[in-house]
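FYI, the working numbering numbers position 10 of the sequence shown as 623, with every residue one higher than the one before it.
Think of the hints as simulated: they come from the structure by calculation, not from any bench.
Nothing here was measured: the structure is a model prediction, and the numbers come from that model.
Cβ atoms here follow ideal geometry from the backbone N, Cα and C, with glycine treated the same way.
One or more of the hints may lead you astray.
Stated by the list, open to error - Quick list of the computed label-pair ranges, beta carbon to beta carbon:
#1 654 with 688: 14 to 24 Å
#2 681 with 639: 18 to 28 Å
#3 682 with 656: 27 to 37 Å
#4 682 with 660: 27 to 37 Å
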Amino acid sequence: MDSYLGQIVDREGWAEWPGAEPGRADTVYFGEYGNDGPGADTGGRVGWAGVRQMEYDEAAQFAVENFIYGDEWLGATSFPYDDDV
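Could you build the full structure based on these sequences and the hints that come with them?
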């Protein structure tokens with residue numbers, strides 16, 4: 614989310630793990646939101662069931678403050694973070 618994706622990111626965006634059971638990729642959630650850069654074009658992404666181009670409300674569920682309650686403990690570290698989408 615909100616990341617720079619360089620040219621190293623393939624247009625398909627995701628790849629099956631070697632040796633994965635057939636159909637395994639359709640059981641996983643792959644979400645993208647607000648990325649930029651040459652690898653952020655989602656036009657050629659794989660067509661798996663779990664691949665999603667998220668809207669703000671959906672992406673907010675995965676923000677630091679909601680997903681890992683980072684506001685409660687990350688302040689005590691020196692790790693830089695943005696608590697919102």
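How the hints compare with the structure:
1. The beta-carbon spacing between residue 654 and residue 688, approximately 36 Å, falls outside the hinted interval of 14 to 24 Å.
2. The hinted range of 18 to 28 Å is satisfied by residue 681 and residue 639, whose Cβ atoms lie roughly 26 Å apart.
3. Between residue 682 and residue 656, the C-beta spacing of about 35 Å keeps the proposed range 27 to 37 Å intact.
4. Against the hinted window of 27 to 37 Å, the Cβ-Cβ separation of residue 682 and residue 660 comes to about 34 Å, which satisfies the hint.
When each numbered hint is compared with the structure, a violation occurs for hint 1 only.
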